[in-house]
Each structure stands twice: as structure tokens, then as C-alpha cells.
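Chemist: Listed here are the chains, written in short residue letters.
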Amino acid sequence: MILRARLSVCLIVLWMSACLFGQETSGTALSIPATTSAINSVTAMSQRVVHYEIDAKYDPKKHALDATETLTYHNLTGQPQDTFPFHLYLNAFQPTSTFAREAKREGTRDENFETWDPKFYGADEIKKFEVVDQGDLTSQLQFIQPDDDNKEDKTVVQVRLPKAIPPDGYVQFKIKFRDQFPQTVARTGWYRDFLLAGQWFPKVGVWWHGAWNCHQFHATTEFFADFGVYDVKITLPQNEVIGASGVEVSNVNNPDGTKTLTYHGDDIHDFAWTASPHFKDYYETFQGSMGPVKVRVMLQPSHWDQAERHGRIAEETMSRFDKWYGPYPYKTLTVVDPEPGSAAGGMEYPTFITGGTAWWVPKRFLLPEQVVEHEFGHQYWYGMVATNEFEDAWMDEGINQYTEAKVMDSIYGRNTSTMNLWGATAGEDEFDRMFQLPVSDLDPMVRKAWQFADFNSYGGITYGKTAVVLLTLEGLIGEDTMRQAMHTYFMRYRFTHPDKEDFLKTIEEVSGKDLHWYFNQAVDGTQVLDYEVLKLSSYPADWYKEKVKEKKGQTEYVSNVWIHRKGDFVSPIDIEVKFDNGDKVREHWDGQDRWTRFSYQKKAKVESVEVDPDHKFQFDHNNFNNSQTVEASKGAARKLSNYWTFCSQFFAQFLTWWMV
Amino acid sequence: MRSNLISSSAAVLKRNKRYVVWFYLMNLALAFVGTEAFSTHVHGILDHSLYAGTLLHGFDLATLAELLSRPEFGPMQSSTMPSMMLAVLFLLASVIFMPGVLLGFSSDHRISRQEFFRSCGHNVWRFVRLFVLFAIVAGIVGGILFGLQGALVKGVDQAANDDRLPSLVHFLSLCVIFLVMTVIRIWFDLAQTDVVLKDENAVRKSLSWGFRSTFRNLGRLLGSYVAISIVAAIILVVGIVVWHLIVPPSSVVGAFLVSQVILLLLLAMRFWQRAAAVSFHVRNSVEASVEAESRLAAIPA
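Here the protein sequences come in this chain order: F and E.
For the first sequence, my numbering assigns the number 1 to the initial residue and increments by one for each residue that follows.
For the second sequence, my numbering assigns the number 1 to the initial residue and increments by one for each residue that follows.
You may find that some hints are simply not true.
Covered stretches of chain F (chain E as the covering partner; in silico rule of three or more C-beta atoms under 8 Å from a C-beta of chain E) [claimed, not checked]: (1) 38 to 51; (2) 87 to 99; (3) 144 to 153; (4) 254 to 263; (5) 337 to 351; (6) 432 to 443; (7) 524 to 530.
The set of hints was computed from the structure by calculation and includes no laboratory data.
Just so it is clear, CB atoms sit at the ideal spot from N, CA and C, and this is done for glycine as well.
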């Protein structure tokens, strides 16, 4: 009896517990789909944290969108969670936002803020916020500003749940929202009848390094999000041509003159789409190592003659990334040529990028190629490796800039990978170097994107300096080793949100070298590297004798060469000394002191000296003082002076043609 | 008639090509002086650097950009200002010496140096007044036209999905502005010619005559001017193509020669237009006097 009674009590307790547990998690039935229809893989490739199901209806006349979003979140944080922050990026496009405040401080970003018409603002308004089994929490939503004290900024909203979600539990949010797209700012919004819908839905933050990482939208920052599955339905007028992240699942015409397209994406962390009545499609197929990839280029009709250029660079880039760094697992890539004049060009979203060209761009001016290459490169560093772009912008933009230089150089030649037109040439890495020169000592690479001194410093350091720091690293450890390190880094950390240490450790591990001395200065520091040949001299060894007759090849000379470390970046460096009998001597200096002197006694005079003769250091502050010759070679200066004279004369004649 | 004006003015130019050469040399000399600051800066940086090779054996834009951004190159203004000032000096010299050129063009014999300079000195103030008036008229008309063009292109740019359309509108409107400004140039060219050839002290009379003549003979004069301008554009394009295709990047002398031939020929084109204005004036005066004589002859004694 007692036993039976005890058993009954236990059963009742168990039943009640089960009921309670079921209520609290709501969720034993919830899950993130294990679909793989959008990737060339039979299993999921990422740890899927989110599943977004969005049903949106777009009104092109109002540039507005009404949608419902069902977000299933898998709590893999290892602890109960009752607080969830969400990004509402479109609220950045209002005058009181932190984005506008920072952009105004810098002058402008895409918009002239002095004449910014309210009809061009953007907004993302949550109409209803419901948590399954926890009720309507719309009134509980609270805007927060984790990065600054701007209470007017509404780009992050937070909700506190009445009941915490246990570790490994699921929670489902049902959100009704309305977007008012801005006229294109920061590569989001409408322009004429074109729309680029990026950062358009409430998106949950990332639990990273033991805390929620959900920054406000700043004028210089980009994005960070968890991987998952996206199922998105978009309804819009039938005349619109639409492209989006992921694969198209269905396209159904509705009786009211609209159509509904359904897209599905696997192992992606964002979803963007575009619409315009004018797009013309061009298709290519890339045979990747994981399977075929359908490349769709959505072109403006006036750029149709550049379809092959876009297709070719997309394919060539994919081929090199596949071979060098690792496979592209997705089944699609959509390349969008945005509306001319819009601020929508040059942007990356998972499996979806925007290019940038104009009708007149000649074939040897490689701007469209650069943009497509660059944005595709993001598919790897932003899309799959998925570093935190708010905090480690250099790990996406900068690494991508480096791989852009490598890919473009390999296709178009190192000195001609930007342009080769009418005798004028320019290479990618040279421009990366130029980009960072004016700001090289302002900020370190490792700085939160909104904390840089200004836009120029953010751009110069994040893009330019990172690229030349990695190109220099390649010079130090060798091209093959660097490529192997990048491959290892990609394959090891794809879909994992790595940080700086992960990247640098991988380089050291693969190269087998201690590179702390380099990373400390180049990555963490603001030291400037500038070595110069200070002076050089040669005089007869028996100078003290009267009437010394100098004979080439017979007279013995004492030669001295001074090398000066002008900058505060300390690095070992090679020096090549060339004598007038053709002899060359290689020296190596540790660079610890501010200067060093090399002396020689031989039957030849010094002809020239060059620091870093193999051109390993791509971020030397002044390339002109890296070498010195005894004899002046006036050809280059005369050539430029001749050009200058021609331009002066032409200007004078032009002025006189019209005025007199 | 148009080909007559073009061919007769070509003959005038051929007879007086020394003026083109003198003006060319004057511009070259001034440009050399104006280039001195730039030249000093670049020689100081490039002459002893191996890195200069990328500019000599090619034309590397990044190296050029780095060169211009070096602190030792100095502010860009220190190079541009002397060249600009000397270009303005060439313009003023052209104002001063143009009367002598026009007198030489109108004469069927080679005028003496004294005649040339006397004409220059005699007409200097008249030419300054015409220059100022031209600047006012061209400034107002040009300002309005460029303002309209800007608004038009902006409007088309905002409305058109096709980015070729604003470019086309931009190009076509530039053509219209070019034609209008050329008409104004013809008007003032004729006025200047009239001032010199009639020794007209009242420039308003020459302006009035120039205005009437321009619009009464618009097709003929504008056709000639535009035809010569097209030849000038062809010279510029062909010259640059030749420069690019034939001259090796490291050949400073070759580049200098080709560039100077282009400039000399371009200058000759402007003098050709001047010669056309003089030919028109001379022919017009002859026709007017013949007409007057025949009118006199028709009067009964």
C-alpha cells in the first residue's frame, strides 16, 4: 500500500513536472530544420541557431513593406536566457540616430544631411511582438543603446521574457513589423523604382564570448549574426524582377496582380533581396568542388554589353577561391547591378552581392571586376567565416581586400589589376598601400569600427592597411605558406565566428614561425615603417697620397652606406648594395637601432643601394627613399615635367582660344 | 561660300604662319617657366631613386599619386599656381599682340615689325575693352547655359533608369553650349578685326557691326568655325593616339616632340579661325565698296 501510494505520488509529481517543463520551454517540439536544399551538401554545414520564416508584402509606391516574422531560436548559449536583443537597422536612417549623428560629424554618407527630406528616411516598426507560450510582449519592448548615450537611437530593441529559455531549449518569436525603406543610404533602400532590401527585418543578436553582441548601427559598421535557415515569402507586383539570397522555391501569380516568390536559404546568417522592373538576367554555371553553382547576373539594360564581364569575373573569382581557400557550398550566387545613381552598389549578403558599373566603363578599367570580386570574396570572410564586423572589421573587409589583390593580380597582372589604359597602369596592392598612407599611424587595425578617428582612418586602416600588412606577411613567410594558412583558417573556422587570435594563431601554426613581433606592431599597433638609404659614399683607399689617379677596376675604394630607420616600426630588413663593376652584396640588418652603416673596401665604387630589394614590405611609408643611386637618373622627372609643360600650354591655349 | 572662306583663310594663315610660330614659342617659354617649380620638386625626389623607374618605363598611377602626396613635393598649389599665372600671362600677351596679327592677316604683303607693334600699341586699350565686354557677355550667357544644363542633366538623371540618357543629354547640351559660345566668339572676333582694320576707336560700333554681320552670315561663319574646331579635335585625338602608340614610354624627347606638334597645330587652328574672320571682313568691305561705287554710278549726273 505504502509502496503503491508512494508510486502514485511519484507518478503525479512526474506528470506535473512534465507539464511544467513543457510549458516553460514550449518547446520540445520546436527545432531548426536540417534542410540542405540550398547547399551542395547532404548535411548542415553550420551550427544552426535561428530559423527565420518571413512573409512580406511590398508596396513599391510607398516603398514600404508589411511582414510577419516567425523566428525560432535555439538556445546554445549554455545558460538560461530571458533577455533577447534585436537589431532594427532601418531605424538608423533617421536624423536622430547614432548612424546619422556619426555620418553628419564626418560630413555625409550617401545623403546630404542638410537637405535630407523626411520622405527619404527609413524606419522599422514592430507592430506586435509575441513569444509563443509567453504571450504578447509588445509593451515590454525597450530600445537600448549599448554603444553610446544616444537615447534617440532606435536600432536595437530588447525584450525580457517572463520565463527564461533553458540551455538547449527553443523559443519562438512571432513579430509583425512594418518597414519604411529609405532612399538608398549605406546600400539599403529604394531609388526610383529599384529596391535593395537589406537589413530589413528584426534580427536577433549573437551570444558571443559570454554576452549578447548586438551593437547599434553606426555610420561605419556592418553586421554580425548567427547562422540558420531562412524561409522567406515576398509578395509584390507582377512586373517586378526579383532576386534574393538562397534558392527560389516557388513563384506564384496572385489574382490581384501581385506575385509571391518563396526563397529558402541554408547555413546563412542574413537574407537580402532586390526588385526592379528593369533587370535583365544573365546566367552562368560555375562547377565548384562541392557541386554546380548557378550564377545569376541581374543587369541594368544599359549595361547589358557588360554581362560577360560580370559573368567572367564571378566565375574566375569563384574558381580561385575554391582552389586556394576552400569550396563555396551554396547552390546559387546572385550578382545585382543596382540602379544607376543609387547608393546600393558594392554590398554583400549571403549568396547575394551588388556590383557597380556605368555604361561607359572601358574594358581595361577594371572597376566592375573589382567590385564583383570584392563582394564575392565577402561570401567567404563575412558569409562563411562570419567574423564580428562591428568589432573586427579588418577580419572581413581587410582580409577580403587582401584576397581581392591576390585574385585580381592573378587574373590581370600585378601592376595592371586596377587599370591598364592608354599606357597608364595601376595595381590593386599599390592602391591598398596608398589608401592607408595618410592614416597609417592614426588607428590600429584592431579597433571597433565606430571608434576609428574618422571615416578615412576606418577605410584606410581596415581595408588598405590590413591588405598591405597581409601582403607583407606573405613576403615574410612565403606565398605558398600564406595561401596554405588562409586555406587552413577558412576550413577550420568557417561557420564559427572566429576572432583575431584564431586568425593569427593559424598563421603562426602553419608558417611555424613566431610572428608576435610583427603582429604586435602591424595589427595591434600604429607604428609606421619607413626605412631609408640615408647616404652613401666612396673614396680612394689611399686618398692621403698626393695626386691619386683613379682607374676603374684598379683603384681600391672605401665605401660607406648608411641605412636609417625613420619610422618606429622595428623589423629586420635586407639591403642590396650594387657596385659599379656589377657586384652585388646583400646585407641583413635587424633594425633595432635607428641607423646602421655598412663599410666596404674593394676595387669598385658603390653605384646604388636599395632597402628591401625583394619588395616584401608593402607598407613602407616612403618608397622613394628606399633606394639611392650615386648618379642621377633624370629621365622620370623630365618625362613628368614634359607632361606638366604640355598641360600648362594646353590650358593656356584653351583659355586663350575662348577668351581672346 | 563656306569652302571659299575656309580656303581663303587657309591661304592667309599659310602666308602668315610666322605668327603661329611666335605665339607657340611664347607659350612654350612661359610654360617652361611655369613648370620650373614642379620640375624642381620631382627632380629632388626622383633623380636618385630606383623607384622612379616605374614612372619612366611606364606610367604607374599609384607611384604618381605617392609622388604628389609626398611632403617634400610640397603643396600642389606651389606647382599649379605658377603654371596658372603664366597661362594668364599668355592670355594677356595674346590680347596685346593680336591686333598686329590681324593687321598682318589683312595685308597682302608682309608687314614690318614697326607696323606690327604700332598696331598692337594703338589698339591695346580697345582690345582690353573688348576683352572685358566679352568676359561679361560670355560669362552671363555661359553661366545661364551651364546652369540650365546642370538642371537638365540632374532632372534627367533623377528620372531615367538608363544611365546613358543623362550622359547623352550632357553631351548634346555641351554641343549646344559650344555652338552658342562659338557664335559669341565669332561676334567678338569680327569686332576685333573691325577695330583693327577700320581703326575704329568706338568699340561699340565694331561690336554692333560684328553682331549684325555674325547673324546675317551665321551659317557661313559658324560653319567655318565649327569645321575648323572639328579639325582641331581630330588633331588632338590623332595626336594623342600617335603619342600612345608610337612613342615608347621612356622616350622623353619623342613625347616632347609629339606633344609640341599637337599644341602647335592646335594653335594654328585658332589662328585659322582668326584668318577666317579677317577674310570675311576684307571681302565684306570690298563688296560694300563695290556696292557703294555701283550705287554712285547709278546716280544720274
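Chemist: Please flag the earlier hints that this structure goes against, numbers listed from lowest up.
Modeler: 1, 2, 3, 4, 7
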